[in-house]
Amino acid sequence: MNPARRRRILLIALEAGVPLAVLAGWWVWSVGADSFYFPALPTILTTFADTWLFERVGSDVVPSLARLAAGFGIAVVAGVAIGTALGLSPVARRVAGPLVEFGRAVPPPALLPFGMLVLGVGDAMKVFVIAVVCLWPVLLNTVDGVRGVDPTMLDTARVYGIGGLERLRRIVWPSALPQVFAGMRTSLSLALILMVISEMVASTEGIGYFVLESQRSFAIAEMWSGIVLLGVLGYLLNAALALLERRVLRWHRAALASALR
Amino acid sequence: MAHALRTRRGLGRWAQTWAGVATVLVLAELASRTGLLPQRYFPPVTEMFTALFAALGEPWFWLATGQTLQGWVLGLGIAALLAVPAGMLLGTSVVRYRAFRAVIEFLRPIPSVALVPLAILVYGAGLESKVFLAVFAAFWPLLIQTLYGMQDVDPVAVDTARAFRLTRAERITRVVLPGAVPYVATGLRISSSVALILAVTAELVIGSPGLGREINAARVGGAADLLYALIIVTGLIGWGLNSMFAAAERRVLHWHPSQRGAR
Amino acid sequence: MLEVNGLSKTYGEGERTTRALAELSFTVAEGEFVCVVGPSGCGKTTLLRCMAGLLPPTSGSVSLRGHVVAGPPEQVGFVFQEYSRSLMPWLSVRDNIALPLRHKRLGKAERTRLVEEAVESVGLTGFIDHFPWELSGGMQQRVAIARALAYEPEILLMDEPFASVDAQTRADLEDLVLRVRKDYGVTVVFVTHDIDEAVYLGDRVVVLTQPPTTVQEVLAVNLPEPRDQVETKELPEFAHLRAHVFRAIKRRQELRPAT
Ligand SMILES: Nc1ncnc2c1ncn2[C@@H]1O[C@H](COP(=O)(O)OP(=O)(O)O)[C@@H](O)[C@H]1O
Ligand SMILES: [Mg+2]
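Protein chains in written order, with this note's numbering: chain V, 1 to 261; chain G, 1 to 263; chain A, 1 to 259.
Just so you know, these hints were derived from the structure itself, not from any lab.
Under 7 Å between C-beta atoms, here's a sample of chain A residues computed to sit facing chain V:
| id | residue |
| --- | --- |
| 1 | Ala52 |
| 2 | Leu54 |
| 3 | Pro72 |
| 4 | Phe78 |
| 5 | Phe80 |
| 6 | Glu82 |
| 7 | Arg85 |
| 8 | Ser86 |
| 9 | Pro89 |
| 10 | Trp90 |
| 11 | Pro100 |
| 12 | Trp133 |
The following residues of chain V were derived to be distant from chain A, with all beta-carbon distances above 10 Å:
| id | residue |
| --- | --- |
| 13 | Leu14 |
| 14 | Gly25 |
| 15 | Ser217 |
Using N, Cα and C, we set each Cβ at its ideal position, and we do this for glycine too.
With the rest of the complex left out, here is chain V:
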């Protein structure tokens, strides 16, 4: 076997082996330690199956994800719309500048008490807070994307009489899309955070409510199963967005690669 090949096999073995070893280590340690805070991994997994497959999916997971989707969706639409307007108009950009700077600087959880004061503790408040928090990354990235459209492309549009909505749809938005996706990635992590804490402070259902309530009633294995679920959801949601991005921005990666050729 040649050395290069042997090295490749070693790397693949490590890449698969280390995570498995970590998991096995946790398993062995947690079973042996019998700690109150860290229940045995098999116990957590059984509890996970009992709780989430699919007992509490309808009562907790679906409401949580629905609020997340609603807030995130509103933020993306509003962020792209406002970001486009600000990106196209220097005057609007200057007028809105300090407000946007301030809005995005407020630590997102500080908005929760405000939401609860004005909208109460229902779904509307949670969706509202998620939407406000997710708005800024999408908005700011859209502004950058719209401002970064190649001037030659804009000249091309002018020469060939492509204007108005047509110009936005065919030239400005596709060209800003890589930036918009970058904003969406940041927003998605924030959405997940706000989904969880809005349920922790003001809810009687949802995954965030479940984990905190489990902790309060010292149902430690349940609490861990909820943490595992949130980890899995975080992973899957990020992966789904990354997949969508790869699909939609195929031209972007290919164009970059050919520019570097």
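Please arrange chains G and A with the ligands on chain V, whose structure you already have, making use of the hints.
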């Protein structure tokens, strides 16, 4: 003449920049005074600022601000002490990087707030919980940025270093590390805002002492003007920290060739 | 058909001004192929952008059929120097060419026909569903030309379209332009810094000076048609003309203090 024109235009821009803020503040004041928005939820802006200035004279306000900043600085500092060396260790060896890549990819997307119950359980409602959450959240952006930085080294620079017979250790300290500095700076800026978010979250959800807890207390006590005043304060803190890190980032970025063309 | 009257353009204001065009006048007749030649940085792109209505002149005017050009007129097609940046990487060759046709009142069949004819006339038939980044530089510039042709302009403005392709491709593209100009019967203003190219392509050559730029000379090219890369360039008249243009530019440079 041209000079006067330019000054006038500069003045116009300055006016535009503040016109937006002024308009929003005046409209909010009017909407509240005329009862268009219920005063109980939306007190007049002037009252918010009155509450804000009153708070500035109170010891509890400065204590809470200090506690929030304490959680932030400890969280960010410890995260940096852990993440930057870890990133350097993983970034300088393909074997180490590949061994831990999957583990990182699985741990990173875990929403840090999922660990709130664990933090309460293990550390209670005090500073430790806040710091633990802030560290966990701030760790990942810094780790990833450091890794990128170590890996994105100009191959020509490495070849040059080789040609001049620099040792491996010299190559790392002279070529790789300086190249990674801008990435670490970016990571610090991102992690700084993440650490602040988690500090406020801990105060709000767990009740660790700090501004987050005071905001919630203002809500429970029905002091809407104070609630808004404190949100404004957190916004200003967030803005200040962000500007500070952004300025530092620009300073270290400006010589870096990979950043020169990019905007 | 097209008239440039006392055109001047100054960029910026205050101390940081660039006087790109001092005072320029010339005309382009219906169906003519006019080459504008001048050294790099003499304001060729500026001139063409003013002619296309993309840039307002500081003084003077451009008129098309007696109407002063204020914005991009409908009869004008443009081929940009930066072809890779004027094609949209998210659109296929077909969609790139069809993009300007969307707001022309055309039937779907008519639009498809225009696109396919244009693609065929630039020799890219097999590549109609490729994306720009899958094509070489020369092929991308063909797409840009096809886009301009499908738009059916009466006048085609081309800004150093072949400045960044290799010599062989460049010769092919030059002949392509001469051919499609006949097929489509379009008036062409072709900007270049290459004297050979200007003399080879043009019916007339407008020679520009160094900045601040004026027209140095307008030269009629009476070379036999059709032009041929080998035979035309062998002719003594060709050598004469290019030497003449070369001296015209060179002489002006020597009159000026070195910069
Ligand atoms: N947008 C602009 N702002 C300021 N100066 C410009 C601008 N565009 C071109 N110039 C200047 O005008 C002169 C002519 O430029 P250009 O028309 O691009 O020349 P050419 O196409 O002949 O190379 C140059 O000195 C250039 O620096
Ligand atoms: Mg040019």
